[in-house]
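> Start counting the sequence shown at 1; every next residue gets the next number (UniProt numbering).
Worth flagging that the hints you see were computed from the coordinates, not collected in a lab. Keep in mind that this is a model prediction, so the values were computed, not measured. Careful: at least some of the hints might be erroneous.
Claimed, not checked - Within a straight-line C-alpha distance of at most 25 Å, the following computed DSS-like cross-link-like pairs (lysine-lysine) qualify: (1) K136 x K153; (2) K319 x K224; (3) K153 x K115; (4) K319 x K406; (5) K138 x K160; (6) K247 x K60; (7) K136 x K160; (8) K138 x K153; (9) K60 x K212.
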Amino acid sequence: MTDLIQEIYGTIMRNKLRTALTGFSVAWGIFMLIVLLGAGNGLIHAFEGQSEGMMMNSMKIFPGYTSRPYKGMQEGRSISLDNSDLQVTGAAFPDHIIATGATVSQESVTLSFGKEYLSIGIDGVFPNYPELEAIKVKEGRFINRRDMTEKRKVMVIHEKTANSLFADKSPVGEYINATGVAYQIVGVYTDQNSFSPTALVPFTTLQAVYAKGDSIDNITFTTKALADEADNDAFEADYRRVIGNQKQFDAADDSAIWIWNRFTQYLQQQTATRILHTAIWVIGIFTLLSGIVGVSNIMLITVRERTHEFGIRKALGAKPASILWLIVSESVTITTFFGYVGMVAGIAATEYMNAVAGKQTMDAGVFSMTFFENPTVDLSIAIQATLTLIIAGTMAGIFPALKAVKIRPIEALRTE
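Using the sequences and the hints given, assemble the complete structure.
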């Protein structure tokens, strides 16, 4: 083994510039692969962060407009949801629905506390709202069943709203004026994406205070025993049929109600992630391939330059396997060494990227979204890159090595 290492070292040192230039192409290829994987992970982590805390086995139902005539009624009718639809949803699918909830909204309500005020929307929600949406209670508590039953005037506000109205003071326990209606703040919530953050009150309170009757803006529920996309599609069709009978529209009319199925969204997210990873690996491998071709060319030149030497080795009884091992080992050594240099540089680049732009959030006051987060590579990626280097080095050396093995001693000894 020592002789092999010394021989490889001597060969590399005799061709320093040629080896360095070719090695740079290998290092650049693996560097680009690591950086691309890191950037891809930044997008994937941000995308996953958007749905963190959401129940992936949940659906949200929104009303729409009919696009087909039904039993003598024309298309274009507005479909509305009400409390009876919520009850039907919970009762019609006991084998597939775990819990139901709903939201009703009141727009443009002025919240004021002291001299501070702002215009905001209010959502009436159920106590299970935090289980269905990506929100967390930061301070205080959330709405409970007693609040719903007694139609209490209690409110949970977003942390941005709390900062605007109360500055550094804790809002929990304070009373706030909502266009003439006094609510007690019982909690503060935060979320991943603040798309016009709203104030949250009990569902029944909002229906009563703002004379909404039994109208509902959307219905939300969690599901069970729906293992794949086919099961979810079948359930959606059954749900459209039940609500279609309730609201008098064609069950095949997709425009009458809009179903946001988070499970199918999750499956689509997984598919997009796999496609992104595959694309990055393909681009990275092709970039690395240019370096591997260079290593293979070096080894071919080395074989040609050492033809006389290989002839002598064979004449003295050297086995073809030893010559094959020598060439492949030299190729793997060059590829692995420079590949690791590129890998370390790539990891350093992703760590720098993480330090500088590790959590990029677009914030426009009422709207915020994280679109790039933690652009680093995992240990598994480093292991995969290592295996890629070893395989690439072997492939780069195998063809020159086979050519060296086929050299006939007599012809090699005649070579100058």
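> Now, for every hint given, state plainly whether the structure supports it.
To see whether the hints hold, each was checked on the structure:
Distance check on the hinted pair: K136 and K153 sit about 21 Å apart at the alpha-carbon level, within 25 Å; holds. Proximity of K319 to K224 is assessed by CA-CA distance (about 66 Å); at most 25 Å being required, the pair is judged violated. Between the alpha carbons of K153 and K115 the distance comes to roughly 22 Å, so the proposed pair stays at or under 25 Å and holds. Proximity of K319 to K406 is assessed by CA-CA distance (about 11 Å); at most 25 Å being required, the pair is judged to hold.
This hinted pair checks out: K138 and K160 have alpha carbons roughly 12 Å apart, not beyond 25 Å. At most 25 Å may separate the alpha-carbon atoms for a hinted pair to count; K247 and K60 meet this at roughly 17 Å. Distance hint between K136 and K160 is fulfilled; the C-alpha atoms sit about 14 Å from each other, no more than 25 Å. With a C-alpha separation of about 20 Å, the suggested pairing of K138 with K153 holds against the 25 Å cut-off.
Our distance criterion of 25 Å between C-alpha atoms is met by K60 and K212, whose separation comes to about 20 Å.
In this structure, only the earlier hint numbered 2 is contradicted, and the remaining ones agree with it.
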